[in-house]
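Heads up: the sequence lines are chains A and B, in that order.
Heads up, the first sequence is in the working numbering, so the first residue is 1 and it goes up one at a time.
Heads up, the second sequence is in the working numbering, so the first residue is 1 and it goes up one at a time.
Just so you know, the hints here were simulated from the structure itself, not pulled from any lab data.
Heads up, the beta-carbon is just placed ideally off N, CA and C, and yes, glycines get one too.
Take these hints with a grain of salt, some might be off.
Which residues of chain A face chain B? A partial, calculated answer using Cβ under 10 Å [said to hold, decoys possible]:
| hint | residue |
| --- | --- |
| 1 | Ala152 |
| 2 | Pro155 |
| 3 | Leu283 |
| 4 | Ala284 |
| 5 | Ala288 |
| 6 | Thr312 |
| 7 | Ala319 |
Computed Cβ-Cβ distance ranges for the label pairs, DEER-style [claimed, not checked]:
| hint | chain 1 | residue 1 | chain 2 | residue 2 | range |
| --- | --- | --- | --- | --- | --- |
| 8 | A | Arg106 | B | Pro319 | 40 to 48 Å |
| 9 | A | Asn180 | B | Val34 | 53 to 61 Å |
| 10 | A | Leu179 | B | Pro82 | 46 to 54 Å |
| 11 | B | Glu70 | A | Gly48 | 27 to 35 Å |
| 12 | B | Thr113 | A | Phe85 | 40 to 48 Å |
| 13 | B | Arg78 | A | Glu339 | 42 to 50 Å |
| 14 | B | Pro82 | A | Arg248 | 32 to 40 Å |
| 15 | B | Pro102 | A | Asn180 | 49 to 57 Å |
| 16 | B | Glu70 | A | Glu310 | 24 to 32 Å |
| 17 | A | Lys230 | B | Pro82 | 50 to 58 Å |
| 18 | B | Arg21 | A | Ser243 | 38 to 46 Å |
| 19 | A | Arg248 | B | Gly20 | 25 to 33 Å |
To be clear about the criterion: a stretch of chain B counts as covered by chain A if any three or more of its residues have a C-beta under 8 Å from a C-beta of chain A, and this derived list gives those stretches [unchecked claim]:
| hint | segment |
| --- | --- |
| 20 | 22 to 32 |
| 21 | 46 to 55 |
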Amino acid sequence: MLRSLLGLFSNDLSIDLGTANTLVYMRGKGIVLDEPSVVSIRMDRGPGGPRSIEAVGTEAKQMLGRTPENIKAIRPLKDGVIADFTTTEKMLQHFIRKVHKTSLLRPSPRVLVCVPCGATQVERRAIRESAAGAGARKVYLIEEPMAAAIGAGIPINEAIGSMVLDIGGGTSEVAVMSLNGIVYSDSVRIGGDRFDEAIINYIRRNYGILIGEATAERIKHEIGSAYPGKELLEIEVRGRNLSEGVPRTFTINSNEVLESLQESLYGIVSAVRSALERTPPELASDIADRGIVLTGGGALLRDLDKLIAEETGIHVFVAEDPLTCVVRGGGKVLEMIDEKGDSFLAYE
Amino acid sequence: MDDTNQNFGHLFRSLREQAGRQLSDVAAELHINVAHLQALEDEAFDRLPSQSFARGYIRAYARALETDAEPLLKAYLRSAPPTEAWHVNQPLEEETQTSRLPLLLGTAAVAATIVALFVIWFLGSGYLDKESTLADRPVEAPASSVAPELLPMSEQQPQAAPVIADDQDDKAETAATGQGTGEDDAGADPAVADDADTQKEPTPEKSTQADDDQAEPTQQEDKAGGNQAASSRVKPDDDNPDLIRAPEGNDKVVITLNDDSWVDIKDANGQRLLRGLYLKGAHKTLIGQAPFQVFLGNAPAVTLQAAGKAVDLSGFVRPNKTARFVVLQKTEN
Chain A
1 MLRSLLGLFS
11 NDLSIDLGTA
21 NTLVYMRGKG
31 IVLDEPSVVS
41 IRMDRGPGGP
51 RSIEAVGTEA
61 KQMLGRTPEN
71 IKAIRPLKDG
81 VIADFTTTEK
91 MLQHFIRKVH
101 KTSLLRPSPR
111 VLVCVPCGAT
121 QVERRAIRES
131 AAGAGARKVY
141 LIEEPMAAAI
151 GAGIPINEAI
161 GSMVLDIGGG
171 TSEVAVMSLN
181 GIVYSDSVRI
191 GGDRFDEAII
201 NYIRRNYGIL
211 IGEATAERIK
221 HEIGSAYPGK
231 ELLEIEVRGR
241 NLSEGVPRTF
251 TINSNEVLES
261 LQESLYGIVS
271 AVRSALERTP
281 PELASDIADR
291 GIVLTGGGAL
301 LRDLDKLIAE
311 ETGIHVFVAE
321 DPLTCVVRGG
331 GKVLEMIDEK
341 GDSFLAYE
Chain B
1 MDDTNQNFGH
11 LFRSLREQAG
21 RQLSDVAAEL
31 HINVAHLQAL
41 EDEAFDRLPS
51 QSFARGYIRA
61 YARALETDAE
71 PLLKAYLRSA
81 PPTEAWHVNQ
91 PLEEETQTSR
101 LPLLLGTAAV
111 AATIVALFVI
121 WFLGSGYLDK
131 ESTLADRPVE
141 APASSVAPEL
151 LPMSEQQPQA
161 APVIADDQDD
171 KAETAATGQG
181 TGEDDAGADP
191 AVADDADTQK
201 EPTPEKSTQA
211 DDDQAEPTQQ
221 EDKAGGNQAA
231 SSRVKPDDDN
241 PDLIRAPEGN
251 DKVVITLNDD
261 SWVDIKDANG
271 QRLLRGLYLK
281 GAHKTLIGQA
291 PFQVFLGNAP
301 AVTLQAAGKA
311 VDLSGFVRPN
321 KTARFVVLQK
331 TEN
């Protein structure tokens, strides 16, 4: 009763709790928060001592890999699911308070959280519990590709098959949808993080130089591509030479990055292929006619759409504003939930 | 340029022809169905899939022709028919405000009503001026004609009386069931001190023993408070403790208890003639100004005679055995 009264003073939220970034969409306001899913924790009296939150989000991400002994910057989500329950709860609490900054009362919104379709029951329960622990009055779950499709503006309510490939930080989700439901879905634990890792490993193997995650991410953003392009891009990076033990500067080009990403990219392509194989023929023909929609941060990897189109022979296009598709889709569902019911939602 | 922009289909076609390419070539390169590209060039919106797909095709097509997609997309948006797409990126503040304002107002109204009701109750309960009500009550003129007519009290109460009666009702009921009444704020009610004496006379039982123990502090308080309100004191006759006479009035009520019962009787001037738990066999004669307000804790065990006539109490007995009524009600001519 009290919570529902408090709920009048808080806005419903749609949260894309991603491995790399957390986005919050506030009903009636649009996207109000887009921050990295990073929390830095201060442990003044050693690992067993009391822990306090030092920073959350962008501020904490800047600390990643640059922290002293008593501060630990961690990413509480791994492969799209919660790896550190308490920290995730604290992070969500921080974000919910942050977007309700003007409110005097303790916010108690209804929250819709996106979950990977491959998440197990335990993982879904963990997400639900941590959102509830962060102060949510009611928690709804939605499958990520469903939210991504709605956010990309695909008419999934029609009796026409649509395929969405959502490449996030930790997972890639491929799903075939029709009539507001998921016909087939698969989740592979390959995403932006795996790309970064692949680049780090490649450079260590071939150059004998160790680079950090942040540097690997910068390389990926600036010269990363999934398909051989016409021009060769180069970037100058710094890392620690493993044999000499001192920092060194070196140059890497886009073809090398492409080579390093091959294995991960192949994993995604094969997931799409197997999805197409298992799709009922009527829906597969709809998909072949209209194309595959690419969403998520991974869609920003240059020419990824081209790679998948070449590999599958089906047109692939990147949705507009692919990074926010999922959270916008969640937001749309939230807007409709009172009128049209919860047929989009996922259950444990 | 603006003119051509408004006709994106033509622009596509001319760009493609400039590049010297066939539609089927571009379609094969992009893996888009030729029919869709043809529909784009013809601007046949009914042959295109939904807007998000069409926009994807335009961007891919523009990229294949190595041209900027933005002006083409704008041109497409200008001429495309409105779809049922949800425009949630645009703020929906008006909508949300209209839908939530009644709820907020409703909550505020309910809260205001609750506060208002509480204030009304607090003022109306007379809690603040309860003591003064009893002590400073003006002495009313004696009624001229009195008839032994009975009416339920609720209809005939003087204005201030029901509230006081309600307040004491709870205490009376707990006392009637043999439980403690130590909390009695008898400062306003000095008659209890004298009544307590009568309770001690018969053989003590368990219930009365407990009651007496708790009655002692009450008596002391009563005596202290009684001096202040000495004017309203009603004393039993010295010779006959069962005869209680009010300073005014000559109307007579006789009460006999066949079992233990709480009894509370006031005369027309608000003088309390009898109040307390009386034991089985008690027989009291009260003389005062009619009408009398009577409250009985165990009504079936009580016989009452008013002005020499027996009063039938059966009509007043409530399910919890209590009764509350007025005897010797004066008739209004």
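Hint by hint, here is what the structure shows:
1. Checking Ala152 of chain A against chain B by beta carbon gives a least distance of about 6 Å; that is within 10 Å, so the hint holds.
2. About 5 Å separates the beta-carbon of Pro155 of chain A from the nearest beta-carbon of chain B, less than 10 Å, and the hint is met.
3. With a cut of 10 Å, the hint placing Leu283 of chain A at the interface with chain B is violated, because the nearest CB-to-CB distance is about 14 Å.
4. A distance limit of 10 Å between C-beta atoms decides the matter here; for Ala284 of chain A the minimum to chain B is near 14 Å, and the interface restraint is violated.
5. Because the beta carbon of Ala288 of chain A sits about 8 Å from the nearest beta carbon in chain B, less than 10 Å, this interface hint is met.
6. A hinted interface residue such as Thr312 of chain A counts as satisfied when its beta carbon comes closer than 10 Å to some beta carbon of chain B; here the least separation is about 8 Å, so the hint holds.
7. With its C-beta approaching chain B no nearer than about 7 Å, Ala319 of chain A sits inside the 10 Å limit, and its interface hint holds.
8. Checked against the hint of 40 to 48 Å, the pair Arg106 of chain A and Pro319 of chain B passes, with Cβ atoms roughly 47 Å apart.
9. Distance hint check: the CB atoms of Asn180 of chain A and Val34 of chain B are about 31 Å apart, inconsistent with the given range 53 to 61 Å.
10. Hint check: Leu179 of chain A to Pro82 of chain B, Cβ distance near 23 Å, so the stated range 46 to 54 Å is violated.
11. Distance hint for Glu70 of chain B and Gly48 of chain A: a CB-CB separation of about 57 Å, inconsistent with the stated range 27 to 35 Å.
12. At about 44 Å, the beta-carbon gap between Thr113 of chain B and Phe85 of chain A stays in the expected band of 40 to 48 Å.
13. Here the CB-CB span from Arg78 of chain B to Glu339 of chain A is close to 30 Å, at odds with the stated 42 to 50 Å.
14. For Pro82 of chain B and Arg248 of chain A, the Cβ-Cβ distance of about 58 Å falls outside the hinted range of 32 to 40 Å, so the restraint is violated.
15. Checking the proposed 49 to 57 Å range against Pro102 of chain B and Asn180 of chain A shows it is violated: the Cβ atoms sit about 30 Å from each other.
16. Between Glu70 of chain B and Glu310 of chain A the C-beta distance comes to about 26 Å, which sits within the given range of 24 to 32 Å.
17. As the Cβ distance of Lys230 of chain A to Pro82 of chain B is approximately 39 Å, the hint placing it in 50 to 58 Å is violated.
18. In this structure the supplied range 38 to 46 Å is violated for Arg21 of chain B paired with Ser243 of chain A, their Cβ-Cβ distance being about 53 Å.
19. Here the CB-CB span from Arg248 of chain A to Gly20 of chain B is close to 49 Å, at odds with the stated 25 to 33 Å.
20. Counting residues of the segment 22 to 32 of chain B whose CB lies closer than 8 Å to any CB of chain A gives 3, so the stated coverage by that chain holds, three being the minimum.
21. Proximity of the segment 46 to 55 of chain B to chain A, defined as three or more residues with a beta carbon under 8 Å from a beta carbon of that chain, is established by the 6 residues found.
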